[in-house]
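Chemist: Sequence:
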Amino acid sequence: MDASVAAVAPRQEAATRANIPSQCPSSGLPRKRAHDGNDDEAAPNGPKRRMTDAGSLHDSTSHHKTSRTSARSSRAQPTALHTPMRDMATCEREAHDVLPFVPIHYVDARDSAGINQRRRPYRSNFSRLLKDPGGLGRYDGHQLLPAEFDYKAFLEPLPEWLHDFEETTSIYHVQLTKRSNVAGEGFICHDGEFVDAILPMLCSLGKSRSNAHVALDCRITVTVQDGDPMNGAYEPFQLCEDLRLASVVHHEDSTTDTQHEPETASNAHGRISTSPEDISMVDANPAAEGQHFPIDEHDDEVSTLPKDNDAITTNTTSQQPPCEEPDATAPASSRLPDSSTSTSHPVGPDQEEEDESDLDSNESSSGDEDDVDGEYDEEVDELGSRVADLLRSRLDAANWAAACQYFHHNPNLTSNKPEDGLRLTGTNQPLLPFQVTDVYIYFQLVTSRDAEKRRYGALLGHEMGLGKTRLVMAIAAVRQFCFSLWEHASDPLNAHLHKTKDHDCFLIRRAGDPECPCDINSMSYDVVHETHRGGTLAIVPAGLVMQTFEKASEFFSRRFSVQFPDHRARFKGTVVTTWDQEKKGPDFSDTMQLGCGEWTFRRGEPFLDSERPRPEPTEFTGNSQALFAELGITASIEPPEHVDHRLPCTLFMVVSRSMLQKPGSFDDVWATEEDVLVADNTWYRVLLSAGYCFGFLILDEIHDWRSLDASQVQCVFRILQRQQKKPLIAALSGTPVSSSLTDLTFTFSLLKGLYKPDDINDVKVGLKELNDIMGSDNMTEDESAQVSNGLIGFIQRTADSTFLKKPLMRKPKAVLIDVECPIGEKYKEALSRLTKRVQEATVAEMQLQLKNTRKPSRKAVRNAIYKRPDVCHLALAIQFPGLAQSIEVAEAEGESLPINWDLISPYACPVKTPEPRQYDGCFPEEWDEFVDVTLDELPRGDKIVEITEEAYSDDRLYDEPGLPSFGFNGPKNVLILAERPFAAQRLKLFVERTLDPEKFESTWIHGGMSKPEKANAIEWFASFRDNNGNFQTKTRILISTYKLCSTGLDGLKAACYMILFTVIRRYSTLAQATARVDRLGQLLPPYIYTFQSSEHPFEEMTMILRDKRARLFGRQGILGQIAGWNY
1 MDASVAAVAP RQEAATRANI PSQCPSSGLP RKRAHDGNDD EAAPNGPKRR
51 MTDAGSLHDS TSHHKTSRTS ARSSRAQPTA LHTPMRDMAT CEREAHDVLP
101 FVPIHYVDAR DSAGINQRRR PYRSNFSRLL KDPGGLGRYD GHQLLPAEFD
151 YKAFLEPLPE WLHDFEETTS IYHVQLTKRS NVAGEGFICH DGEFVDAILP
201 MLCSLGKSRS NAHVALDCRI TVTVQDGDPM NGAYEPFQLC EDLRLASVVH
251 HEDSTTDTQH EPETASNAHG RISTSPEDIS MVDANPAAEG QHFPIDEHDD
301 EVSTLPKDND AITTNTTSQQ PPCEEPDATA PASSRLPDSS TSTSHPVGPD
351 QEEEDESDLD SNESSSGDED DVDGEYDEEV DELGSRVADL LRSRLDAANW
401 AAACQYFHHN PNLTSNKPED GLRLTGTNQP LLPFQVTDVY IYFQLVTSRD
451 AEKRRYGALL GHEMGLGKTR LVMAIAAVRQ FCFSLWEHAS DPLNAHLHKT
501 KDHDCFLIRR AGDPECPCDI NSMSYDVVHE THRGGTLAIV PAGLVMQTFE
551 KASEFFSRRF SVQFPDHRAR FKGTVVTTWD QEKKGPDFSD TMQLGCGEWT
601 FRRGEPFLDS ERPRPEPTEF TGNSQALFAE LGITASIEPP EHVDHRLPCT
651 LFMVVSRSML QKPGSFDDVW ATEEDVLVAD NTWYRVLLSA GYCFGFLILD
701 EIHDWRSLDA SQVQCVFRIL QRQQKKPLIA ALSGTPVSSS LTDLTFTFSL
751 LKGLYKPDDI NDVKVGLKEL NDIMGSDNMT EDESAQVSNG LIGFIQRTAD
801 STFLKKPLMR KPKAVLIDVE CPIGEKYKEA LSRLTKRVQE ATVAEMQLQL
851 KNTRKPSRKA VRNAIYKRPD VCHLALAIQF PGLAQSIEVA EAEGESLPIN
901 WDLISPYACP VKTPEPRQYD GCFPEEWDEF VDVTLDELPR GDKIVEITEE
951 AYSDDRLYDE PGLPSFGFNG PKNVLILAER PFAAQRLKLF VERTLDPEKF
1001 ESTWIHGGMS KPEKANAIEW FASFRDNNGN FQTKTRILIS TYKLCSTGLD
1051 GLKAACYMIL FTVIRRYSTL AQATARVDRL GQLLPPYIYT FQSSEHPFEE
1101 MTMILRDKRA RLFGRQGILG QIAGWNY
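Read in order, the letters of the sequence shown are residues 1 to 1127 in the UniProt record's numbering.
Incorrect hints may have been included.
[Claimed, not checked] Each computed EDC-like pair below joins lysine to aspartate or glutamate, with the alpha-carbon atoms no more than 16 Å apart:
#: 1; residue 1: Lys826; residue 2: Glu888
#: 2; residue 1: Lys726; residue 2: Glu888
#: 3; residue 1: Lys1034; residue 2: Asp955
#: 4; residue 1: Lys752; residue 2: Glu530
[Unchecked claim] What follows is a set of in silico ranges between Cβ atoms, one per label pair, in the way DEER data are often shown:
#: 5; residue 1: Pro906; residue 2: Arg993; range: 18 to 24 Å
#: 6; residue 1: Ala892; residue 2: Glu950; range: 37 to 43 Å
#: 7; residue 1: Glu769; residue 2: Glu156; range: 40 to 46 Å
By construction, these hints were calculated from the structure, which means they are not laboratory data.
Beta carbons are placed, not taken as given, at the ideal position from N, Cα and C, and that holds for glycine.
Build out the structure end to end from the sequences listed, making use of the hints.
Modeler: Shown next as structure tokens:
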């Protein structure tokens, strides 16, 4: 299918803005530009205006914006990047010397025309492709941008010259020759490739500007041929390699997975167009001579953009690394449980650590161990591949150019080096090019005027390690910039567009400054007027609260500034906090006040005598919702105007999603008393809970939000329901789709602003329909377009994809190794007997369930099997064979074994020593024999010894300058993850007892640790130095479970070795776990070992489930395999 259907096109820019010398506000003299190329400080560019006889200032290209609709239909065309200005007459003469004399010859070579019908060549010239040919003299020849050229002008002569011309069946082979030598050639099949071809042409023609006569030897030949423009199999135009000129913007049959709104130029929004020729870039505002502005250390640095020539030189010397083919397998994840297939399961013997629960204990949940795959697992990988293919965009180059225009960034800086990234105003850390583009696409989504395509946010489904957290923080920063600048523009004393509406905004934009919202034509204006001004609430797993808080504190600036011709305007930056910090005091802090909303009450019919003196309100102690429903009162909430001279959008609060499960711990804390008019001059004082109001919700690990009845889900729905403006949404997941597109039901309900059950069910039905379409062997173009439109709001990039032909993730390739671990002979008979007992009991129960259920789901049967206590014991016994014998002895003696976490935690939690903590000896002495047996003859333990010894001897060098690891070539760290806390506890004791303490030290992250304790453990593990500041001389080992350490926790990438001790059937968990070390920022190739004992049938079945090849019935189905166990 054509991926361009699902891609977003850049903002439509309809008008052209003249670039003439501006006047100084005070003197009216032309403002000069610096000649020395020093870009240390940007100078005011100011509005393009002239001084009239009356002394008033007027824009030389002003146009009256009579209405918001008409004004937005014509966007002003930004000007090109500037090098130091020379004499205008000289610029005009040299430009005219070059471009008008580069001829374009159109040749008809269509087979459909026939030899006798072909017309003689049609001749035009290069300058006629300009959108504003009359303004050619404003530019140097080499400074024109692709956006200044019009694809329509490129095609304009063809219908008259070729009377039977059809654009939909024609392609164009373009050849650029210089002195009879081919300088570049290739096909232009559509408007996007036209834009991509113009810049390399300009690069080549610009080299001729020093000698105008050379341009007379240049020629462009356009050969019209028969072909399908959307085929994508034609080689796009590019310069020949011997010219050693790199085109900065290439045609991109990108493997970048970006799903966005596929609007057309004719939509109601009037902004997005599928015409990439409309993309342009913003003027650079070079420095004003002799004008300086004070800069404090916290202000944004004032700088201009690099000159074109410098940028081109940089790009020509950079090497393009080879790009591997993307993996066709999409990572799996959780999905919403189907209520029709839900079933109750016996509680397993090993409750996971009480780090947090996704749902309330009294709510039905698929649980951490629930399998969430679809009906046919072997088809999941194919579905994931199709979703990834569908989300690939061909318009990255066009979106990148549009994003650079909006953020005033140089589009030539396309490398993925942080030093070349864009630091948005109000932030401290740079964004890479694909991240800048994704932020721009996000705001295109939320400001679209097409009701069918507008979303209240996006699902960011980037694979782990691509910086989703930084993306959403950048979105919050853009929101703050827009609302802050609008507040500034609302003051009549400030020089903005609103003041006279006949000149450009006086804001002197620097790299990282979005468009000013005072411009009614800007997207920033839409952000202010069509989105919520409240603060940001980041809802994350409990284990990631402190990490998110720290990242946000580092990312946001405490204050920022913008530049105007005569002053610098300063604003307060983002204030970052956590719910745990704010809820401690009895009163609301100033920071918390930013999230407190103001209630508004609307009534169906007004009361008549409300002008009489207001009486004292009556205390109301009943149900306020029932009261409002009875009286027809609608209560809604909106954010405050200001708190301590701060806007509410400056708040960034992090809260654990488990906190939202407890209304008494969250909603009730925000309760406020409100006086409500309930009848004629009758007032009630009503206590209203959940008085918070946020404008931007970040939902991390959205795939874990499974049940629509869960408390935290209902909390989010309440926010959508009662706020006057719905908040923006950013849903994050590295594994958003598991078995079916219906996994996205909850997420897409949020993105569409829906919270009513019927509306949510409609979303689910629609996604199921799309899923059925994608399951067909051959999708039609109409079906592809239907799926693309249905997935608007889903933005996804994979780790192995590219952006502008550059890999997104520069990291060494991980080495994946499956380690076969034999069971051993000593406890094999005990394990065989345990297997037989589990087999018989499981088959008997499953047969009973099948008799009582007409059509059981595969998921229900599978979960029932894996949640059985004896099945959990069997899985642990395969890992620790001695456990099988201990279970037999305990059953014979009528005793229970301390396997569950609730029996282990009372002894593990009191250990509070500094890292690395030791746990051997903290458990009761009566456990010693049990511990000894489970650690006896442990084949997997022997493999751990081998791998850790290898890590200790690893002398690979960290050679990345500027990083804490630079120069370190000592022992490497090891991360070990198990499925259950019992296994993690036994592994910690094994490491302490077996490994040489002179060479190894270890710690254990468990569910009984506080957040600071976990953070300290990870900080210790991630450090390359000891307490004395010297490089460490021991291998550090961190042991934990998949649940606690498979998401977030960026510090775990300090491990060069990873051991997956337990085979797990959920591929999503596996993908999340391996991404802890195989991620952006990993400097050495990591080794990831997966332990497995395929000789045992239960382990083999789990491996099959993991690999997505299982069915419910049949010899190779789950039940068939259990019935055939023989060990």
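Chemist: Does each hint hold? Answer for all of them.
Modeler: Hints and how they fare:
{"no.": "1", "hint": "Lys826 <-> Glu888", "result": "holds (15 Å)"}
{"no.": "2", "hint": "Lys726 <-> Glu888", "result": "violated (59 Å)"}
{"no.": "3", "hint": "Lys1034 <-> Asp955", "result": "holds (12 Å)"}
{"no.": "4", "hint": "Lys752 <-> Glu530", "result": "holds (15 Å)"}
{"no.": "5", "hint": "Pro906 <-> Arg993: 18 to 24 Å", "result": "holds (22 Å)"}
{"no.": "6", "hint": "Ala892 <-> Glu950: 37 to 43 Å", "result": "holds (42 Å)"}
{"no.": "7", "hint": "Glu769 <-> Glu156: 40 to 46 Å", "result": "holds (42 Å)"}
Violation of the numbered hints given earlier is confined to hint 2; every other hint is satisfied by the structure.
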